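Keeping their order, the protein sequence lines are chains A and B.
With the first letter of the first sequence counted as 1, position 477 gets the number 477 in UniProt numbering; the numbers rise by one all the way through.
With the first letter of the second sequence counted as 1, position 87 gets the number 87 in UniProt numbering; the numbers rise by one all the way through.
Just so you know, these hints were derived from the structure itself, not from any lab.
Bear in mind the structure is a predicted one, so any value in this text is a computation, not a measurement.
Warning: the hint list may mix true and false statements.
Here are the simulated lysine to any residue pairs, SDA-like style, with alpha carbons at most 20 Å apart [to be verified]:
id	chain 1	residue 1	chain 2	residue 2
1	A	Lys-594	B	Ser-212
2	A	Lys-534	B	Gly-85
3	B	Lys-104	B	Glu-62
4	A	Lys-67	A	Ser-49
5	B	Lys-9	A	Ile-497
6	A	Lys-38	A	Ala-22
7	B	Lys-9	A	Leu-105
8	A	Lys-529	B	Gly-85
9	A	Lys-534	B	Glu-4
10	A	Lys-529	A	Leu-366
11	A	Lys-529	B	Lys-104
12	B	Lys-9	A	Glu-500
13	A	Lys-319	A	Ser-333
14	B	Lys-9	A	Ile-566
15	A	Lys-612	B	Pro-65
16	A	Lys-529	B	Phe-11
17	A	Lys-567	B	Pro-65
18	A	Lys-567	B	Glu-4
19	B	Lys-9	A	Phe-498
20	B	Lys-9	A	Arg-624
21	A	Lys-567	B	Lys-143
22	A	Lys-567	B	Gly-85
23	A	Lys-198	A	Gln-180
24	A	Lys-612	B	Ser-212
25	B	Lys-9	A	Gly-502
26	B	Lys-143	A	Val-602
27	B	Lys-9	A	Val-563
28	B	Lys-9	A	Lys-594
29	A	Lys-313	A	Glu-253
30	A	Lys-534	B	Ile-261
31	B	Lys-9	A	Lys-210
32	B	Lys-9	A	Ala-35
33	A	Lys-612	B	Gly-85
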Amino acid sequence: MERLSENDSESFLSTCDNIRKAMNKIAKLKSNGDANAKDDIHELQIQTSLAFIELKKLNRMEKFRTKFARDSLISSKSSVDSKHLHLQNLLYEVMHLKKEVVKCLQFKSKDELIQLVSEEEFYKEAPENISRPEITKYNPHQLRLARLEWELTQRKQLAALCDELTENKKAVALSIESKQTRLDNLAPQLHSILEASKPLQESLGLLLDKVRQEHHKAALLASPLYVLYAKASAYRDAYDNSIIVKVEGDEEEAKRANNQDGLQESDSDAETVSENVIEETPVHKKRHHRLSKEARQEEKKTKLLQRHPLNVKIIIKLKNETKLTLQFYYMMSLKIVTVESKLKTDGIMDISTGDMLISKSILRELYPRDLGLESPNPANYYQLNRYNLGQFSSLGLGIPYKWVQRMAGLHFISPDAGEQRFTNGEIIQDSVECVLREIKRRVIARLELCTEIRQLEYGNLPIFTANNDLLPQKLSTVLQKFSTISWNNYCNNVNPIFQEQGLVSSLDIFYEAILRRGNYELIARIAIKPDYPKIAPVFSISMNPTILASADILRDIEREVNVMWIKQPTLSAQLQRLRACFDIYLESEALVPKEKIFFHSVKGRTRARPYKYLELGGGIFIHR
Amino acid sequence: MFSESMRRKLFYNTIMSQCFSSDGSCLLAGSLYGNVAIYEIAKILRPLRSENELRRPSYHIEAHPDSHVDSMVSTENFLVTGSIGEICGWDWKSVTTGKAERSKVSWTIRVPAENDSYEGPCVFSLAYCKVNNLLYAGCNDGKIYVFNLEDGKVVTTLEGHTRFIHDLSLLDCGTQLASGSEDGTVRLWDLRKKENTNVLTPHLVDNLHRPSLGEWIGAVDFTEDWLLCGGGSKLSLWHMRTMQPATVFDLPDHGIHVAKIYEERIIAAGLAPHVYHLTYQGEMLSSIPTSSDTIYSVVYQETPQKLFSIGGASNFLDICTNCNYRELTLRFA
């Protein structure tokens with residue numbers, strides 16, 4: 001076996017070679033036919049046979065070697081197989097472990113969801129034994145653990161605190177309850193005391209109970225009216241006991257209205273929506289719907305114009321029997337306050353003054369430009385328009401003067417910026433006190449005006465005592481007639497420029513005075529302002545055509561009567577001056593004999609007349 | 001916003017006199033209530049921002065409280081206003097600047113008064129001569145006082161009229177003066193000799209006299225050749241050499257307060273709500289409607305801006321930039 005295969009192969013080759021050579025020699029020898037060759041041949045044959053044996057041996061060797069090689073191959077193969085298997089096992093194990101690692105990495109711990117205090121805060125607040133900075137500073141995991149631990153301790157503390165507080169609360173509630181029961185028990189006792197005190201109150205003449213009832217009723221008022229009531233009764237108590245302030249109306253209804261009030265406001269939007277829906281319904285249903293719609297419209301209209309069931313009544317007593325009653329109403333949907341007023345005079349009404357004393361005109365323009373024709377709440381314009389209700393004044397719901405809103409503490413934006421500025425300056429007067437005083441002043445002024453006009457209608461002019469504006473007493477012109485005229489009549493006879501310039505308006509009260517001297521006649525058309533005597537009446541004059549007075553002459557006289565006063569004049573004072581001016585004009589034109597003392601009939605480029613009166617000697621007239 | 005009584009007062013306002021500032025940049029108007037309104041011409045001619053905005057004066061001066069600004073005239077350095085008993089001078093510098101509201105009188109001349117009168121002497125008309133710095137003042141005692149503006153002393157008194165003077169007119173060179181008076185006469189004065197040279201009495205001329213309106217002469221103006229006058233009598237143009245009326249103007253007026261000769265045309269106004277532009281022959285060139293029913297003052301200037309301003313018995317001034325129509329309206333206050 002030690003033999004090498006290479007040697008064997010060589011020996012095989014050489015053996016084969018030997019055989020071939022021997023064969024060839026044999027062949028040669030045989031072909032030679034040489035006898036001695038037989039030996040040689042024989043020799044050769046032996047050798048060849050030996051060679052064959054050699055070959056055979058080689059062959060066996062070969063076989064043996066092959067077998068051996070095969071065996072060794074098989075054994076090595078099996079070892080390879082087992083190694084391979086082992087490898088695969090290991091690989092599988094690796095993979096599995098890797099998977100486990102990923103799974104671990106992906107695991108979501110609950111602690112991540114917990115909000116922790118920031119690190120700095122943690123180090124600041126947590127005790128050493130929890131924070132352990134020497135470890136946690138370099139080990140984030142330990143840090144996290146430490147922080148979580150701190151969180152836990154804190155939460156535990158808070159939970160404990162919470163429990164404690166709940167306990168406290170319970171205790172307090174308990175004590176409140178016990179006190180409440182005690183109070184509840186007190187009420188019937190108080191009632192019985194009150195009942196018992198009633199006979200005493202009556203016998204002593206105290207009005208405590210009545211006042212209380214009134215106050216109870218006042219509590220049911222709509223809030224603006226309540227403000228008004230409170231302010232007015234305060235004014236009564238403080239200044240003027242003659243004023244009566246009370247609440248009128250149905251209490252029960254007021255309670256109901258107050259309860260509804262909240263609901264109404266919330267569903268108003270829903271209402272509009274449903275209304276729109278109805279409008280979109282198909283045509284064949286229309287008839288049915290129209291009826292209901294009209295009814296609903298009507299209902300809504302009444303709802304819009306609904307007054308609060310309670311109202312505040314203020315009665316102002318003036319002299320004698322003259323009383324002014326003001327009734328204030330609150331419009332629940334329009335959110336404004338209106339007033340109705342009634343003046344009761346001691347029976348001195350007659351036709352010409354009647355108009356002047358009716359409530360509508362008496363409070364008109366109590367403050368400049370406060371006519372009360374339209375609602376001061378700008379939103380009302382749209383609300384009323386939606387139901388085609390027209391102007392507020394036509395609804396007969398009382399008059400929404402601006403001062404009434406101010407009394408009730410309501411403030412609306414005025415559409416006119418100029419007016420806004422105007423009223424702002426007036427804000428100081430924004431109190432019940434001033435308004436009531438103003439009303440009193442106005443009514444007294446009106447009554448005085450009535451007396452004055454009655455005197456004028458009888459042709460009497462009062463005697464003027466000297467004040468700032470001197471007036472002559474001895475005059476020849478007489479007041480022939482003084483009578484009321486209508487706005488239309490006024491417009492037809494007076495230069496429209498008066499109206500254009502805003503000097504007169506349809507709300508003024510108009511009179512016509514006819515002055516006469518001899519054949520000469522002067523007609524004055526007078527517009528008395530609602531705020532008389534704060535604002536003087538406006539005179540517009542004309543003369544009968546025989547006088548031939550130019551526009552300038554009339555303008556001069558009007559200026560004299562309307563403007564040239566130091567203090568606002570009274571109607572009679574103006575008439576008196578007008579008489580004087582007419583006298584002077586006629587005398588300066590030499591149309592009548594001269595009776596007055598003046599130096600020159602005309603002066604200056606305007607050829608003005610001497611209308612100014614001076615009390616010198618018997619009284620003289622000079623030019624301005 | 002004015003108060004009710006203020007509105008009423010302004011409604012009856014009358015603009016008595018007007019003049020232009022010496023540099024022509026401002027128009028001034030004096031009222032019955034003693035105020036002077038100052039308009040900057042450049043400002044009022046600017047277009048308005050909104051339709052119903054009205055042009056107002058830049059400043060107001062309370063020149064003569066409780067009195068009238070009866071007459072105004074402009075000198076080189078001063079605005080001169082005439083009122084009851086006094087003539088006041090106002091420095092242009094303060095009047096035409098923002099300080100106008102607080103401006104003080106620069107000087108005052110007291111007009112000599114008659115002792116027995118309750119009413120002070122009023123200066124109804126003023127005329128100023130640049131050449132010799134003399135101021136002529138026509139007063140209600142019928143006298144024309146001539147003041148030297150250097151020292152404010154009376155130089156001469158021209159006497160002759162028996163009633164107050166309505167209007168004065170001066171020839172450019174300062175040699176001749178014409179005056180119209182309530183007594184119905186027009187007098188011509190030679191200023192060098194200081195004497196009355198001619199007296200015209202229009203009311204004695206038949207076709208000039210209007211008995212219902214009176215004899216007074218409200219306005220007078222003249223050139224070397226022609227003299228224009230009118231008042232209660234009709235407006236008439238007189239030839240200077242013959243002293244005879246050459247043209248009689250038939251206008252629908254009730255008295256003449258303004259008569260001017262301007263560039264070969266005649267401007268007249270008075271108790272009628274129009275200003276009339278006429279030729280010498282009496283043809284009507286234009287008739288401009290005005291805000292006032294009676295006109296007391298028409299002033300005009302050529303440079304720097306051609307402008308006519310009309311004032312009278314209303315709170316408004318009417319402004320024309322040509323001779324044919326009204327351009328705009330100014331509020332006095």
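Now the hints, each set against the structure:
1. With a C-alpha separation of about 19 Å, the suggested pair Lys-594/A and Ser-212/B falls inside the 20 Å cut-off, and the hint holds.
2. For the hint linking Lys-534/A to Gly-85/B, the alpha-carbon distance of about 35 Å lies beyond 20 Å, and the restraint is violated.
3. Restraint check for Lys-104/B and Glu-62/B: satisfied, since their Cα atoms lie roughly 10 Å apart, inside the 20 Å limit.
4. The suggested pairing of Lys-67/A with Ser-49/A is violated, with an alpha-carbon distance near 27 Å, which exceeds 20 Å.
5. Taking the CA atoms of Lys-9/B and Ile-497/A, the gap is about 15 Å. The hint holds against a cut of 20 Å.
6. As the CA atoms of Lys-38/A and Ala-22/A are separated by approximately 13 Å, the hinted pair is consistent with the 20 Å bound.
7. Simply put, Lys-9/B and Leu-105/A have alpha-carbon atoms about 99 Å apart, too far for the 20 Å limit, and the pair is violated.
8. Our distance criterion of 20 Å between C-alpha atoms is broken by Lys-529/A and Gly-85/B, whose separation comes to about 39 Å.
9. Annotation: proposed proximity of Lys-534/A to Glu-4/B holds, straight-line Cα distance about 10 Å (limit 20 Å).
10. Note on Lys-529/A and Leu-366/A: the hinted pairing holds, with a Cα-Cα distance of about 11 Å set against a maximum of 20 Å.
11. Between Lys-529/A and Lys-104/B the CA atoms are separated by roughly 40 Å; this puts the pair beyond 20 Å, and the hint is violated.
12. Our distance criterion of 20 Å between C-alpha atoms is met by Lys-9/B and Glu-500/A, whose separation comes to about 15 Å.
13. Pair hint Lys-319/A plus Ser-333/A does not hold up; C-alpha atoms about 38 Å apart against a cutoff of 20 Å.
14. Straight-line distance between C-alpha atoms of Lys-9/B and Ile-566/A comes to about 12 Å, which keeps the hinted pair within the 20 Å bound.
15. Restraint check: the Cα-Cα separation between Lys-612/A and Pro-65/B comes to about 17 Å, which is no more than 20 Å; the hinted pair holds.
16. Pair hint Lys-529/A plus Phe-11/B holds up; C-alpha atoms about 17 Å apart against a cutoff of 20 Å.
17. Taking the CA atoms of Lys-567/A and Pro-65/B, the gap is near 17 Å; set against the 20 Å cutoff, the hint holds.
18. Of the pairs offered as hints, the one joining Lys-567/A and Glu-4/B holds, with about 13 Å between alpha carbons and a cut-off of 20 Å not exceeded.
19. Restraint check for Lys-9/B and Phe-498/A: the C-alpha separation of about 13 Å stays at or below 20 Å, so the hint holds.
20. For the given pair, Lys-9/B sits about 15 Å from Arg-624/A by alpha-carbon distance, which is consistent with the 20 Å threshold.
21. Distance restraint check for Lys-567/A and Lys-143/B: the Cα-Cα separation of roughly 37 Å exceeds the 20 Å cut-off, and the hinted pair is therefore not satisfied.
22. With a C-alpha separation of about 27 Å, the suggested pairing of Lys-567/A with Gly-85/B is violated against the 20 Å cut-off.
23. Taking the CA atoms of Lys-198/A and Gln-180/A, the gap is about 27 Å. The hint is violated against a cut of 20 Å.
24. This hinted pair does not check out: Lys-612/A and Ser-212/B have alpha carbons roughly 25 Å apart, beyond 20 Å.
25. A distance of roughly 13 Å separates the Cα atoms of Lys-9/B and Gly-502/A; the hinted pair therefore holds under the 20 Å criterion.
26. For the proposed pair Lys-143/B and Val-602/A, the alpha carbon gap of about 17 Å is at most 20 Å, so the pair holds.
27. Of the pairs offered as hints, the one joining Lys-9/B and Val-563/A holds, with about 6 Å between alpha carbons and a cut-off of 20 Å not exceeded.
28. Taken as a hint, the Lys-9/B and Lys-594/A pair is broken in the structure, with Cα atoms around 30 Å apart against an allowance of 20 Å.
29. Annotation: proposed proximity of Lys-313/A to Glu-253/A holds, straight-line Cα distance about 18 Å (limit 20 Å).
30. The hinted pair formed by Lys-534/A and Ile-261/B fails the criterion: a straight-line CA distance of about 50 Å is larger than 20 Å.
31. Note on Lys-9/B and Lys-210/A: the hinted pairing is violated, with a Cα-Cα distance of about 56 Å set against a maximum of 20 Å.
32. Under the criterion of a C-alpha separation no larger than 20 Å, the hint pairing Lys-9/B with Ala-35/A is inconsistent with the structure, at around 190 Å.
33. Of the pairs offered as hints, the one joining Lys-612/A and Gly-85/B holds, with about 18 Å between alpha carbons and a cut-off of 20 Å not exceeded.
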